[in-house]
Amino acid sequence: MNFELERASYGVDGTPILTDISLAVGAGEVVTVIGPSGAGKSTLLRLAALFERPTDGAVRCDGTEPWSLPRGDRLALRRRIGVVFQQASLFETSVARNVDAGRRIRRPWSSRLRGFAERLTARWIHGSPTVDDRTLEALELVGLRDEWDRDAASLSGGEAQRVSFARALAPRPELLVLDEPTSDLDPRNTAILERAIGRARDRDHGVLLATHDMHQAERISDRVAFLLDGELVEIGPPERVFEEPRDERTARFVRGDLLYDENELLV
Amino acid sequence: MPIDALSDPTYLRSVIRLSLTVSLLAVLLSTAVSLPIAFAVGFADFRGKRFVTAVINTGMGFPSVVVGLLVWYALSNRGPLGTLNLIYTPEAMIISQLVLATPVITGVALSAVESVDDAVRDAAYGIGGTRADVALITLKEARYGVITGILAGFGRAISEVGSVLIVGGNIAYADGTSKTRTLTTAIQFEVRKGEFETALILGAVLLVLVLLVNGVVLRLGGR
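Respectively, the protein sequence lines represent chains H and B.
Residue numbers for the first sequence follow the UniProt record's numbering, beginning at 1 and rising by one.
Residue numbers for the second sequence follow the UniProt record's numbering, beginning at 1 and rising by one.
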């Protein structure tokens, strides 16, 4: 999918949160949005995931403006996008059923009801849950293939986030929107997720990632976009943005000089 | 001819059957009314939401005798629904139990729905869910709270005496079978006759029934 934000703005009750954002993510490309807390990264990603409609400007998926489509067509577009949040937010069920959730809700209601009845039968009569290859394949990507039968509540934070990534990936979305997915993870789990992001890119998934970890942005991005106070200050290849930033504010952020004081004002 | 509650199995069976039928139907209907209200209020953000929640919570403690009186008036010959001829029938008892159980189920289910983290709803939407999918996933996440609400509603319904006595009349047919006599009104009837032992045994039967229903519902809910 070729995804594009075209001069998109977003505000709540007249307060601007994002202003005039133009950004594109192509198939097999990782674009990382960096910026300090409160810069509008999460809001930008919610626009990209079609959670929110821009108050001005446009979103385009393969040239189509989703918000001008009827709800059913927009849903079809939304289902081509996978989302992972900072918080894993797994459902209270097994790992396999979490990963399978996205595919399950895409099935017709008759098939879902049949599946529900079969599951009840399996639980009460046979007592043995089952798993399919697609679910295992998604779990394999995050190194949790053998954990499919575990209760999601028993996972560690890092494992839960990896399952959350597998859940987004299982329906094979064309664009992955990842909102600081590794910010609460240890280095090992971060490395596993970064490798999974790389493999998703190799399979031609587009990736739009928000992070405040500049090293991570440098490691995995094809392009880096620097967001500050709701405005896209600079975008380009990571080596250029980090080593030869064109905007002074980017340079200060990269050097670690751009800080917010306790009143959230730039100093 | 006076009925001996314990030596006549037909009588006892009909009382148990009526108690269960009336309360289960009332709770079923009440659940069908309560869950959409709980979801609508729990999901929406509107002015007056706190007032609506307060009204629901107040309804949980609504005096059953007052409900009985209001339902009796509505269904009596002089009332607005008098033409339906429902007074002193099991249907009238279902209506009165429905009115009593609905705020209980709504209130507890609303609290359960509101306790589901917004992030879980976002996750449900993010995997491509429609509004119905998000509601279903939220219901699954809140299922233990919702089940608790349904069981609390069932408890309120089956243990009800005052309102079912008023709208049902505690009637038994001459052949000894129950028309509108439930376990609770039968207990009250036995106490009035001075048959405390019989009343206690009927009370034990009622307790066993409530335990059985709780067990089945919890098993269905996966607990």
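To be clear, the hints were calculated from the coordinates, so they are not data collected in a lab.
All C-beta atoms, glycine included, are put in the ideal place defined by N, C-alpha and C.
A portion of the hints provided could be inaccurate.
Stated by the list, open to error - Pulled a few chain B residues facing chain H out of the computed Cβ check, cut under 7 Å: (1) Pro80; (2) Gly126; (3) Ala132; (4) Ala135.
Stated by the list, open to error - Computed Cβ-Cβ distance ranges for the label pairs, DEER-style: (5) H:Glu6 / B:Ala54: 20 to 28 Å; (6) B:Ala204 / H:Asp133: 48 to 56 Å; (7) B:Gly215 / H:Asp222: 42 to 50 Å; (8) H:Asp132 / B:Tyr144: 57 to 65 Å; (9) H:Asp132 / B:Ala32: 44 to 52 Å; (10) B:Leu218 / H:Ala76: 33 to 41 Å.
Going down the list of hints, with the structure as the test:
| no. | hint | in the structure |
| --- | --- | --- |
| 1 | Pro80 | violated (39 Å) |
| 2 | Gly126 | holds (3 Å) |
| 3 | Ala132 | violated (9 Å) |
| 4 | Ala135 | violated (12 Å) |
| 5 | H:Glu6 / B:Ala54: 20 to 28 Å | violated (47 Å) |
| 6 | B:Ala204 / H:Asp133: 48 to 56 Å | holds (55 Å) |
| 7 | B:Gly215 / H:Asp222: 42 to 50 Å | violated (58 Å) |
| 8 | H:Asp132 / B:Tyr144: 57 to 65 Å | violated (28 Å) |
| 9 | H:Asp132 / B:Ala32: 44 to 52 Å | violated (34 Å) |
| 10 | B:Leu218 / H:Ala76: 33 to 41 Å | holds (39 Å) |
Checked against the numbered hints above, the structure violates hints 1, 3, 4, 5, 7, 8, 9; every other hint is satisfied.
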